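Residue numbers (the working numbering), protein chains in the order written: chain A, 2 to 258; chain B, 2 to 359; chain C, 232 to 512.
Hints listed in this document are in silico derivations from the structure and should not be mistaken for laboratory results.
From a predicted model like this one, the values you see are computed outputs, not experimental measurements.
Where is the CB? At the ideal position from N, CA and C, for every residue including glycine.
Do not rely on the hints blindly, as some may be mistaken.
Said to hold, decoys possible - Pair by pair, the computed Cβ-Cβ distance ranges are: (1) A/Asn97 - B/Ala267: 28 to 38 Å; (2) A/Gly69 - C/Ala465: 37 to 47 Å; (3) B/Gly241 - C/Glu295: 23 to 33 Å; (4) B/Arg214 - A/Leu250: 44 to 54 Å; (5) B/Glu163 - A/Asp242: 39 to 49 Å; (6) A/Gly41 - C/Ala398: 22 to 32 Å; (7) B/His220 - A/Ala246: 39 to 49 Å; (8) C/Arg374 - B/Arg145: 56 to 66 Å; (9) C/Leu379 - B/Ile331: 45 to 55 Å.
Claimed, not checked - With a straight-line Cα cutoff of 20 Å, these simulated EDC-like cross-link-like pairs (lysine to aspartate or glutamate) come out: (10) B/Lys348 - C/Asp489; (11) B/Lys66 - B/Asp124; (12) C/Lys388 - A/Glu132.
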Amino acid sequence: MTPLLQVEGVTRRYGARIGCEDVGFALWPGEVMGIVGESGSGKSTLLGCLSGHLAPDAGRVLYDAGSGGGAQDVTAMPEAARRRLLRTDWAFVHQNPRDGLRMNVSAGGNVGERLMAVGARNYGAIRARAEDWLGRVEIDTARIDDRPSAFSGGMQQRLQIARNLVSGPRLVFMDEPTGGLDVSVQARLLDLLRGLVRDMGLSAVIVTHDLAVVRLLADRLMVMKGGQVVETGLTDQVLDDPQHAYSQLLVSSVLQV
Amino acid sequence: MYVAVKGGARAIENAHAWLAEERRGDPGVAELSVAQIRGQLTLAVDRVMAEGSLYDPDLAALAIKQARGDLIEAIFLIRAYRTTLPRFGAAYPVDTGAMACDRRISATFKDLPGGQVLGPTFDYTHRLLDFKLAAEGETPPAARAEPDPAAMPRVTEFLNQEGLIQGEAHIDTSPPDLTREPLEFPACRALRQQALTRGDEGFVLGMAYSTQRGYGRNHPFVGELRVGTCSVEMEIPELGFAIEIGEVELTECETVNQFAGSKTEAAQFTRGYGLVFGHGERKAISMALVDRALRWRELGEDDSGAPAQDEEFVLQHADNIQATGFLEHIKLPHYVDFQSEVELVRKLRAAVREAPDD
Amino acid sequence: MTDDLREYNFAYLDEETKRMIRRALLKALAIPGYQVPFASREMPMPYGWGTGGVQVTAACLVPEDRLKVIDQGADDTTNAVSIRSFFARTAGVATTERAAEATLIQTRHRIPETPLREGQILVYQVPIPEPLRFLEPRETETRRMHALEDYGLMHVKLYEDIARHGAISTAYAYPVKVAGRYVMDPSPIPKFDNPKLESAAIQLFGAGREQRIYAVPPYTQVVSLDFEDHPFEASKPDHPCALCGATDSYLDEVITDDAGARMFVCSDTDYCATRQAGGAA
Numbered sequence: 002m003t004p005l006l007q008v009e010g011v012t013r014r015y016g017a018r019i020g021c022e023d024v025g026f027a028l029w030p031g032e033v034m035g036i037v038g039e040s041g042s043g044k045s046t047l048l049g050c051l052s053g054h055l056a057p058d059a060g061r062v063l064y065d066a067g068s069g070g071g072a073q074d075v076t077a078m079p080e081a082a083r084r085r086l087l088r089t090d091w092a093f094v095h096q097n098p099r100d101g102l103r104m105n106v107s108a109g110g111n112v113g114e115r116l117m118a119v120g121a122r123n124y125g126a127i128r129a130r131a132e133d134w135l136g137r138v139e140i141d142t143a144r145i146d147d148r149p150s151a152f153s154g155g156m157q158q159r160l161q162i163a164r165n166l167v168s169g170p171r172l173v174f175m176d177e178p179t180g181g182l183d184v185s186v187q188a189r190l191l192d193l194l195r196g197l198v199r200d201m202g203l204s205a206v207i208v209t210h211d212l213a214v215v216r217l218l219a220d221r222l223m224v225m226k227g228g229q230v231v232e233t234g235l236t237d238q239v240l241d242d243p244q245h246a247y248s249q250l251l252v253s254s255v256l257q258v
Numbered sequence: 002m003y004v005a006v007k008g009g010a011r012a013i014e015n016a017h018a019w020l021a022e023e024r025r026g027d028p029g030v031a032e033l034s035v036a037q038i039r040g041q042l043t044l045a046v047d048r049v050m051a052e053g054s055l056y057d058p059d060l061a062a063l064a065i066k067q068a069r070g071d072l073i074e075a076i077f078l079i080r081a082y083r084t085t086l087p088r089f090g091a092a093y094p095v096d097t098g099a100m101a102c103d104r105r106i107s108a109t110f111k112d113l114p115g116g117q118v119l120g121p122t123f124d125y126t127h128r129l130l131d132f133k134l135a136a137e138g139e140t141p142p143a144a145r146a147e148p149d150p151a152a153m154p155r156v157t158e159f160l161n162q163e164g165l166i167q168g169e170a171h172i173d174t175s176p177p178d179l180t181r182e183p184l185e186f187p188a189c190r191a192l193r194q195q196a197l198t199r200g201d202e203g204f205v206l207g208m209a210y211s212t213q214r215g216y217g218r219n220h221p222f223v224g225e226l227r228v229g230t231c232s233v234e235m236e237i238p239e240l241g242f243a244i245e246i247g248e249v250e251l252t253e254c255e256t257v258n259q260f261a262g263s264k265t266e267a268a269q270f271t272r273g274y275g276l277v278f279g280h281g282e283r284k285a286i287s288m289a290l291v292d293r294a295l296r297w298r299e300l301g302e303d304d305s306g307a308p309a310q311d312e313e314f315v316l317q318h319a320d321n322i323q324a325t326g327f328l329e330h331i332k333l334p335h336y337v338d339f340q341s342e343v344e345l346v347r348k349l350r351a352a353v354r355e356a357p358d359d
Numbered sequence: 232m233t234d235d236l237r238e239y240n241f242a243y244l245d246e247e248t249k250r251m252i253r254r255a256l257l258k259a260l261a262i263p264g265y266q267v268p269f270a271s272r273e274m275p276m277p278y279g280w281g282t283g284g285v286q287v288t289a290a291c292l293v294p295e296d297r298l299k300v301i302d303q304g305a306d307d308t309t310n311a312v313s314i315r316s317f318f319a320r321t322a323g324v325a326t327t328e329r330a331a332e333a334t335l336i337q338t339r340h341r342i343p344e345t346p347l348r349e350g351q352i353l354v355y356q357v358p359i360p361e362p363l364r365f366l367e368p369r370e371t372e373t374r375r376m377h378a379l380e381d382y383g384l385m386h387v388k389l390y391e392d393i394a395r396h397g398a399i400s401t402a403y404a405y406p407v408k409v410a411g412r413y414v415m416d417p418s419p420i421p422k423f424d425n426p427k428l429e430s431a432a433i434q435l436f437g438a439g440r441e442q443r444i445y446a447v448p449p450y451t452q453v454v455s456l457d458f459e460d461h462p463f464e465a466s467k468p469d470h471p472c473a474l475c476g477a478t479d480s481y482l483d484e485v486i487t488d489d490a491g492a493r494m495f496v497c498s499d500t501d502y503c504a505t506r507q508a509g510g511a512a
């Protein structure tokens, strides 16, 4: 088996300031990697570089589409190929659902967009898929023609997840997927995400400052500080027995879950 | 029996004749001469030249007469005429530092070499209707002084000597020409300024005003505003050297704006620049503010989402000839499109009527 | 603007400008449906009144041409009259109202009912050339979408129409895909005319204010966007023409009295007149 994603020496600077520096790891099929750190630690910059939203100054992000063509460096891909990847094999869940949804398009249109982008041309079939996915993320299918602006924050986030997963991606990037939601809503969303990840055998990279999220979802963990990875390991291992002083601080600063 | 409407050609001819009559007005009142417009409505002439992108006061005055005083219509006439003119070559950039100034003020220094020269300005007039003008009395001559032979260096040059203000990048390549090449984005600063200098005065003013009210605020001071004449020089290939081919009146505004800098880069003021044909202070200042607002990317500022920072928004909508044409074209018949919409609405309504009640 | 026009070059524009436009036209024909930027000139008629079409026509006209100009399908609407007389004066070309006799037809909002043949040129006046414009206002973004063939959003719009109205609610300027590649705005023709976009004639589209030229070469595939289960339909009022009896032509609805009585007549005046003269009905 080869890694789905092989990250090597990814570095991104903002002028003299370091965004992230010399980050490398491998993500295996079906694996969920959590990246934790406080704000400014470089985790969101790293996620941007991995997902093709930001161009790294150095390093490679090799993705193996599993089509037999071997791994390809995403950072060196032509834009057309990268966009195709972003709307088929990959998905990106933004912290703020407004960034990931079309707010003036109905829930059904939002979910159907990725299908239409890759050539689906049967209205009834697209609608049926959208209904199925609304059900899977626990949104009443009667609301298929409502716009997301009429949805609660938790529903918007679940809609964003449906919109991303409808195309059956292999790799999902998530940026603080539960940020900005009430605690009770967070729990329900985490439950849902865990179920989907397990059922679909998804690989994912999740950036969060919330250790409860990674405890529940991530197989492995990277702790970042000042743009660098200071500790990496199995989630339980890192959370229960942190080695680096910063990891210890991070773990002790929150209630255990 | 229904007969379709005919006679469009006749209707147009008659409309033109009527229009000509309306333009002339009461034949009992003396006709306005082009020379009078040129000599007495100079600011209107200047605006038509600036936004028409053609420096010719006589033609601009003629256009104003023909357009019945509708300046946008006059600008349109000038633009359409300009299209047909052959291009013999390009002049050297005019040296506005060597301008023979009628007016030159700075808001950033109390006094400066060359002095503050108020010139012919409305600024400190009291806006009271002058009923004496209705009586068409002669105006007494204004006091005169000898021209000051001393140079009038640009205010921003003083700041530049200290390194207090960012220098302007020197570019060796010829700037693109908005009137000869399609506008494509992102546009370089030269192209943006071309669009602004021929842009609608009201639009550019509104954009500039919005930056002052916080939509893309950049803290401008009028470093210098100067109005006067500059000589235009052009190299004649047959001669192999440059000769002066004429003079143009220009208004130039340089603003001193919010400084940029960081821990590693020393703080410096930045600039906005406005230049228009003729005496057009409002336009030149507005242009400088909008020019500065559009520079946010190169200066490493945040995009606050303000309209004046949005290059596509500003440049695509600044041209009043494009705007007025497209706006007014909805007067043209659209009954084919409308008919197809009527059909669709009827069909959708019928579908709702026929739908079984839930 | 009467006899002064004789002072100008053949068909008003100078030869340099025409050459620039012809280059854009050739590029447009080589890449069907692709919008070629061109340095549109200011014309003596307002932007939005056909300046793009006029420039394309000016660049194509030769002295032997026979020109027809229609607006809403009719030769005698004011803007058609104005543009026809402009070229009659500046180019001195012959004019005609017969689609079959014309070598070049400039149109606004219609395609003639009479099928066009090889050797004819149809020039469209285009207000907004960008089919994605009302989905995405930014030119930099729409150009990227075309370049990457990223057209999902276009179908999202059609999906939304059906979800809301039960049918695709675009009645004119109905988007098409040309030669399997570029999504194109056919200009605000009624969707009834869309099937005629596959033609033996050369079709050229000029957008003056937006500085774009595009083209559909003869015998090029033009597909109106739709869904398999909501197929495109070239609809028209379900009446015969009250004047010539045609059942296959696009109709204008005319209100004939104060009581709101109405009748339907051919929008293509040449087609209607020819049928009436031929005694058809």
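Each hint tested on the structure:
At about 37 Å, the CB distance of asparagine 97 of chain A to alanine 267 of chain B agrees with the hint of 28 to 38 Å. At about 45 Å, the CB distance of glycine 69 of chain A to alanine 465 of chain C agrees with the hint of 37 to 47 Å. Taking 23 to 33 Å as the suggested C-beta distance range, the pair glycine 241 of chain B and glutamate 295 of chain C does not conform, at roughly 45 Å. For the pair arginine 214 of chain B and leucine 250 of chain A, the supplied restraint of 44 to 54 Å holds, since their beta-carbon distance comes to about 46 Å.
In this structure, glutamate 163 of chain B and aspartate 242 of chain A break the distance hint of 39 to 49 Å, their C-beta atoms being roughly 60 Å apart. Distance hint check for glycine 41 of chain A and alanine 398 of chain C: the Cβ-Cβ separation is about 52 Å, which falls outside the suggested range of 22 to 32 Å. Restraint check, histidine 220 of chain B to alanine 246 of chain A: a C-beta distance of roughly 45 Å satisfies the suggested window 39 to 49 Å. For the hinted restraint 56 to 66 Å between arginine 374 of chain C and arginine 145 of chain B, the CB-CB distance of approximately 58 Å keeps it satisfied.
In this structure the hint that leucine 379 of chain C and isoleucine 331 of chain B lie 45 to 55 Å apart at CB is violated, the actual value being about 33 Å. In summary, the hint linking lysine 348 of chain B to aspartate 489 of chain C is not supported, as the alpha carbons are separated by about 25 Å, beyond the 20 Å threshold. This hinted pair does not check out: lysine 66 of chain B and aspartate 124 of chain B have alpha carbons roughly 28 Å apart, beyond 20 Å. The straight-line distance between the Cα atoms of lysine 388 of chain C and glutamate 132 of chain A is roughly 18 Å, inside the 20 Å bound, and the hint therefore holds.
This entry does not satisfy hints 3, 5, 6, 9, 10 and 11, going by the numbered hints stated previously.
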